[in-house]
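Next come the chains, spelled out residue by residue.
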Amino acid sequence: NAGVTQTPKFQVLKTGQSMTLQCAQDMNHEYMSWYRQDPGMGLRLIHYSVGAGITDQGEVPNGYNVSRSTTEDFPLRLLSAAPSQTSVYFCASRREFSSYEQYFGPGTRLTVT
Amino acid sequence: AQSVTQLGSHVSVSEGALVLLRCNYSSSVPPYLFWYVQYPNQGLQLLLKYTTGATLVKGINGFEAEFKKSETSFHLTKPSAHMSDAAEYFCAVKETSGSRLTFGEGTQLTVNP
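From first to last, the protein sequence lines are chains A and B.
Read in order, the letters of the first sequence correspond to residues 1 to 113 in the working numbering.
Read in order, the letters of the second sequence correspond to residues 1001 to 1113 in the working numbering.
No lab work stands behind these hints, which were simulated from the structure alone.
Since no wrong hints were added, every one of them can be taken at face value.
Distance windows between CB atoms, simulated:
(1) A/Ala2 / B/Gln1108: 27 to 33 Å
(2) B/Lys1068 / A/Asn1: 33 to 39 Å
(3) A/Ser18 / B/Val1029: 40 to 46 Å
(4) B/Tyr1039 / A/Ser18: 30 to 36 Å
(5) A/Ala52 / B/Gly1098: 17 to 23 Å
(6) B/Gly1062 / A/Gln57: 37 to 43 Å
(7) A/Thr111 / B/Asn1061: 31 to 37 Å
(8) A/Glu96 / B/Asn1061: 25 to 31 Å
(9) A/Gly63 / B/Gly1098: 22 to 28 Å
(10) B/Gln1045 / A/Ala52: 25 to 31 Å
(11) B/Tyr1039 / A/Asn1: 17 to 23 Å
(12) A/Lys9 / B/Ser1012: 28 to 34 Å
(13) B/Leu1020 / A/Lys14: 43 to 49 Å
(14) B/Gly1062 / A/Thr5: 28 to 34 Å
Quick caveat: nothing in here was measured; it's all calculated off a predicted structure.
Idealized CB from N, CA, C, for every residue including glycine.
Between the sequences and the hints, there should be enough to build the whole structure, so can you do that?
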């Protein structure tokens, strides 16, 4: 199993550009989520999904969109990048009704200039 | 709403000394509790978890944590620090109902030779 994969590893955007961060998992997990990590703030939940076709907002959803058309994939879209979105982004997945252990991807480091 | 407090954003210990990282949560109902470790430039990895049963939980790399309901705490300990333990540690909680995992702000552990 590859686990949770994320692409790209690094990205630099200009203010106003849009892009999609990719996330995929091969563990057939129902639950997938996106977090951003900023110094001194821990991980903050952006969006999550409990299954294909079902998504919901987390703590900091503004400026981001998600969709879940398959169990495996959960892309995160930045609609119009802003410097405040400079961060490290982590995707995670887990079984929804189990011990709730989350598996994390390696992260995407995004810089918006 | 669920909240997690990690006391001390930075903890420094000598190699061979006791490691104690503190975590307190707010919840009227005992939640599920987790400790994750993040090594530089990597994603998060589960150290240990408490869901039900024995309140002293053993994890990987010699770490353990004790769930104390009366103190709403889940402190992480290791009897003897190793240089390889230097990393950032995150406490997380999940309510028994609902899907979200809430993270603390993290504690950076430094191990001095």
